[in-house]
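Peer 1: Each chain is listed here by its residues.
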Amino acid sequence: MKKVRLATVWLDGCSGCHMSLLDIDEAILAIAKRVDVVYGPLVDAQEFPKAVDVTLIEGAVSSQDDLEKVHTIRRWSKLVVALGDCAVTGNVPSMRNSHPARKMLECIYVDRVQANRGVPADGVPALLRHAVPVHEVIKVDLHIPGCPPAPASIAWVLGELLDGRMPELASKVKFG
Amino acid sequence: MPENISIRIDGEYVPAQEGQTILEVARAGGKYIPTLCYLAGTSSVGACRLCIVEVSGVGRLLPACTTPVQDGMSVTTNSEKLKQYRKIAVEFLFSERNHVCAVCVSNNHCELQAMAQKLGVTSVRYPYAYPKLGVDVSHPRYVLDHNRCILCTRCVRVCTEVEGAHVWDVSSRGIRSMIICDMNRPWAQASSCTNCGKCVQVCPTGALAEKGFAVDEMVKKDHNMTRLAARRGGHS
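Line by line, the protein sequences give chains A and B. In the numbering used here, each residue carries its 1-based index in the first sequence increased by 4. In the numbering used here, each residue carries its 1-based index in the second sequence increased by 442.
Source of the hints: derived by calculation from the structure; they are not laboratory data. Keep in mind that a hint or two might mislead.
[What the hints assert, rightly or not] Which residues of chain A face chain B? A partial, calculated answer using Cβ under 8 angstroms:
no., residue
1, Pro45
2, Ser102
3, Glu110
4, Val114
5, Val117
6, His139
7, Gly168
8, Met170
[Stated by the list, open to error] Examples of chain B residues toward chain A, derived with CB under 8 angstroms:
no., residue
9, Asn540
10, Val542
11, Asn550
12, Gln555
13, Gln559
14, Lys560
15, Pro573
16, Lys574
17, Cys638
Heads up, the beta-carbon is just placed ideally off N, CA and C, and yes, glycines get one too.
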C-alpha cells in the first residue's frame, strides 16, 4: 500500500502539540507504518515538499514567515489540519493582539533590559499586526482544538484520516 | 390562580401555567434547552441567545427564557436551524472578547467553554475583535477581567435581586458594553459592595474570580445562590 505523505509544521506555538502527537503511545507504531513524514520539526527536510496528503499545523500565523509558509502549505497539501488552540483560535500568541507589535517588542527588548538593548531584526521575520488562527489566512479542512489536544484525539483523527474517513470531532474536543 | 394551559414542545403536550416562560415549562417537562445567561432565581434577560427556539407561526426565533407561553403554542427546541444559530451565538461570544481558555482560571470549569464543546464548536468562523480591555484587581479578594466577560449580566442581577446591593451595571451600548461597578469606579472603591462574592460564584466564565487561583483552579459554587434565591421567593 502506498504510504500517506504527512507533513507537520510548527508556527507560533510552544511545540506542545507536537509533544502531544509523540505522546500517543503505541498507536504511533501503527501510524508510522502507514505514513511518510515528509516535512516538519521531526525530520530533516528544509523545504516544504510538493504533493503532501495531510499537513498538521501547530501554532498561530504570527510573522511574515508564517504567512508565506501557510500559503505554500495550502498550495501543496490535499488536507490541512489546524492542530491545537494556537492554530485554531490564536490562543496565547494572540494575547499580544490588543497592543501594537512594535510597542510590545520595545517593551520586551528595550524598556525592560539592561544589556544589549534593541529589537532583534537580523535573521528574524517581521511580526504581523495580529497573530491569527490559520483559518483566517487559508482554508482549513479540520480543526482539532485543545491546549494541547489530547493524544487520544490526535491518534483517533490520524487513524480516521488514514482509513480514508473525514473525522467528525464535534463534541469530542474542547478549547483549552 | 394562574390558568392551566397546554402547549406542545417538540410535539409532546406539556402542562403549563399562564405567566410561565417557555424555558420554565420545558425544564419542568424534562426538556433540555441550552442557556448561558439564565440564572435560576433571578429575572431573565435573554442576553446570550442560546435558548432560542422555534415557535410555529412565528417567523423569527424567540428566546425561551423571556417568552411567555400561550395556550396552544407549539415549540421546537432542537432543530438543525437552531443548532446552527446556537453555534453562531457561541462563536460571536468568543470573537468579541479575548477568551484564552488555556490560561484562564476557569479553564475546565467554564460554562462558555463547556457550551462550545456541547454544541460541537471546534473553531470560530468569525474574525476575532481583539479589544483592548482592562482587568480590575483593586478588590482585595476578587478580580474582574473584562477580557473574559460575555455580558450575561448574571452578576448584575444576583447583586441587585438577591444581595440587594446593586453594585454592578452595564455601561455603554452594543460592542462597547461593559460591566461597571458603582458608577464606573474601581471595585475597591465601590462603597455599595458588601464583599459577599455572589457575583463571582454565578459568573459563568473566568471574568469574575477569586484571587489566588491559577489556571484551571477556579471552581464556582453557584448552587448556593439558586437556593438563596429560591428561599427569597419571587422569581422561580
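Peer 1: Holds or violated: is the Cβ of Ser102 of chain A closer than 8 angstroms to a Cβ in chain B?
Peer 2: This interface hint holds because 4 angstroms falls under the 8 angstroms limit.
Peer 1: Min Cβ distance, Gly168 of chain A to chain B: is it shorter than 8 angstroms?
Peer 2: It is violated, given that the least Cβ distance between Gly168 of chain A and chain B is near 21 angstroms, above 8 angstroms.
Peer 1: Should the interface hint for Lys560 of chain B be scored as holding, given a Cβ-Cβ cut-off of 8 angstroms against chain A?
Peer 2: Check passed: Cβ of Lys560 of chain B comes within 6 angstroms of chain A, closer than 8 angstroms.
Peer 1: Close enough to count: is the Cβ of Pro573 of chain B nearer than 8 angstroms to one in chain A?
Peer 2: holds, 7 angstroms
Peer 1: Should the hint that Met170 of chain A touches chain B count as held when the rule is a Cβ pair under 8 angstroms?
Peer 2: At about 13 angstroms, which exceeds the 8 angstroms cut-off, the nearest Cβ of chain B leaves the hint on Met170 of chain A violated.
Peer 1: Is the hint on Gln559 of chain B kept, meaning its closest Cβ partner in chain A is under 8 angstroms away?
Peer 2: It holds, given that the least Cβ distance between Gln559 of chain B and chain A is near 4 angstroms, below 8 angstroms.
Peer 1: Answer holds if the nearest beta-carbon of chain A is closer than 8 angstroms to that of Lys574 of chain B; otherwise answer violated.
Peer 2: Because about 4 angstroms separates Lys574 of chain B from the closest Cβ in chain A, which is inside the 8 angstroms limit, the hint holds.
Peer 1: Measuring from the C-beta of Asn540 of chain B to each C-beta in chain A, is the shortest one below 8 angstroms?
Peer 2: holds, 7 angstroms
Peer 1: Under 8 angstroms, Cβ to Cβ, is where Glu110 of chain A needs to be relative to chain B, so tell me if that hint holds or is violated.
Peer 2: Result: violated, 17 angstroms to nearest chain B Cβ.
Peer 1: Is the interface hint for Val542 of chain B satisfied, with its Cβ closer than 8 angstroms to some Cβ of chain A?
Peer 2: Holds - the Cβ of Val542 of chain B comes within 8 angstroms of chain A, reaching about 6 angstroms at its closest.
Peer 1: Are Pro45 of chain A and chain B close enough, Cβ to Cβ, to be under 8 angstroms, as the hint says?
Peer 2: At about 21 angstroms, which exceeds the 8 angstroms cut-off, the nearest Cβ of chain B leaves the hint on Pro45 of chain A violated.
Peer 1: Using Cβ atoms only, decide whether Cys638 of chain B comes closer than 8 angstroms to chain A, and label the hint accordingly.
Peer 2: Violated, about 29 angstroms.
When the structure is compared with the earlier hints, violations turn up for hints 1, 3, 4, 5, 7, 8, 17 and for no others.
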